[in-house]
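Enquirer: If you're matching them up, the sequences are chains A and B in order.
Per our numbering, the very first residue in the first sequence carries number 1; after that it's consecutive.
Per our numbering, the very first residue in the second sequence carries number 1001; after that it's consecutive.
These are calculated hints, taken from the structure and not from any lab test.
Watch out, some of these pointers could steer you wrong.
[Said to hold, decoys possible] Simulated pairs of lysine-lysine, BS3-like, Cα-Cα distance not exceeding 30 angstroms:
(1) A:Lys-2 <-> B:Lys-1042
(2) A:Lys-281 <-> A:Lys-319
(3) A:Lys-2 <-> B:Lys-1223
Residue strings, one per chain:
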Amino acid sequence: MKLGFTLSSAAHVVILTWGLVSLTSPEALKVQDVEALPVDIVPIEEITKTVKGAEEAEIAEKSAPTPTKRETPKPEAQNVGDKEIDSKPVENAERESPVPVEKAEAPPKAEAPAPKPEPKPEPVKEEAKTPVETTEVAAAPQPKADITPETPADSPEQPLEGEQFAKLPDTVPVPSVKPTPPKPTVAKTNERKKVEELIRESGGQTNGTEKQEDVAVKNKVNKAESAGGGAKTSTQTAALGARRGNAEKLSQSEMDALIAAITQCSTGIAGRRISEDLRIKVIMRLDRNGNVIDAKAGPTGGTAEERARFPRDILRYVKRCAPYDFLPKDKYETWAEVVPTFYPAQMFQ
Amino acid sequence: MFEAALFGVSRAYAQGIEATELGSTVDVSLWALFMEASLTVKLVMIGLLLASIWSWAIIVDKSLMYGRTKRQLDRFEKVFWSGQSLEELYRSLSERSPNGMGALFVAAMREWKRSFERGANSPIGLQTRIDKVLDVSLARETERLEKRLIFLATVGSAAPFIGLFGTVVGIMTSFQAIAGSKSTNLAVVAPGIAEALLATALGLLAAIPATIFYNKLQTDVAKITMRLEGFADEFSAILSRQIDERTGARSQQRAAE
């Protein structure tokens, strides 16, 4: 037994010391080179976005706007067009501007094209004082650009997009009237305030946000045609698509949140059966802080009594719940006017 | 401005890498793992180590012993069946206390001689006595052979559980530490788990050779016991024939008188 014990102990000691010496810390795993797989959370609205393309072209597998003519691409540009300066197309712009482009030669103020309540260009003044060098949208205002649309300044140099280009006179129009220098006195703060009020009142329908306001202003500054256009080169064949890509929209979850908030404010109705098919569409107009400016309700389905009663109730709840300050401020134009649909049968039971 | 942002991002990324590298340079050698472990886990590990040492001691001891025993049996059988007279063999063997077959032989022969020296004449009583003596010494031999073998069986079956116990306790404490530090980073969890798993490793290290050698030594013991039993039966038969012959001779003598 002694022999076995000594042999065994000796062997264990030898193995353990060998283990302690040789089985030291294994090399730390180097994990730096592994590329992390980026995971994006994609809101549902992104799927429903319209794709940029040409509205009058044939359907193709991939939407593409009308090809541009410029050879050298502008890498920073985001909007397709032949313009020197990149800017988004105006949303409500008509196909062809009501005033011919030659109007650059026509100085009279009275003929100034104002087809919609676009904000006056005054706010640009401030931006114009601090010119930025990049060619992005925000950089559009150039200090030398004339503010009033009547001035003929640099529009002739800017080629127009698409087929219209060919129809235009090749000759550079000569201004018949000496361009008047910009009046700095226009940029009064109270006037600016007025513009903002105008914007707010007009809601999301036209030029609700600063973004659109800027674009509209820059279009005037650039002397572009009222349809706007970008400076990005596009060589693809024109294919069907919306005039404006990346349309913003209230996402499904935000709409659900709005409906849920209003439902929370409702006081239940005890013991009454409500017709399943009763549906109440509410047209709400909201201001920037989420307060209700006005709201209308239109019922469909249900009995006559229900049609008379529930819209009233729901409008009351809508007003009681305000302000809806959880709606994202930077997407105001998407919820300036929202049309949620309520199903009282589900709401009150 | 954009460049500044990019630079900021890359610097933050670099800092993150540095931080993870610093975190991973914890000492994870065997000794460090052992020293990091809690008291319970340490005790379990030390116990398992001692069990391993002791079971290896038994394995060495028993292997040597069985080899020796087998050689003795071979030698004894050779001598026994060589036609040498039993009296002489007894005389040469009884001086040193022998093992195995020798022990059986000596015990049976002693009983035989005593019975005849004292003049006990009942052949049936003598036969049962010799059988009893053979049985007893056989049991004693088997007991001597199997001694401490049961320790191997115990280690083989219990050591993994003991190691597992150490692991569970270690992981438990390490998870408690995680709950305390509120960090689920793998770098925080890993050393504790590695240290706990060391206990299981030791348990298996002790159990695997113990189980294997227990089975081997057990069959060795069974073989040796079979041979001893066979020898005991044979020797008992030889002695019983001798008794018959002697009693037969005596009765013939009496009949002749």
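Enquirer: Just to be careful, I want the Cα atoms of Lys-2 of chain A and Lys-1223 of chain B compared with a cutoff of 30 angstroms; is the pair within it?
Expert: Status holds; Cα separation ~25 angstroms.
Enquirer: Against the 30 angstroms threshold, does the CA-CA distance of Lys-2 of chain A and Lys-1042 of chain B hold or violate the hint?
Expert: 27 angstroms, holds
Enquirer: Is the Cα-Cα distance between Lys-281 of chain A and Lys-319 of chain A 30 angstroms or less?
Expert: 15 angstroms, holds
Going through the hint list in order, the structure satisfies each hint without exception.
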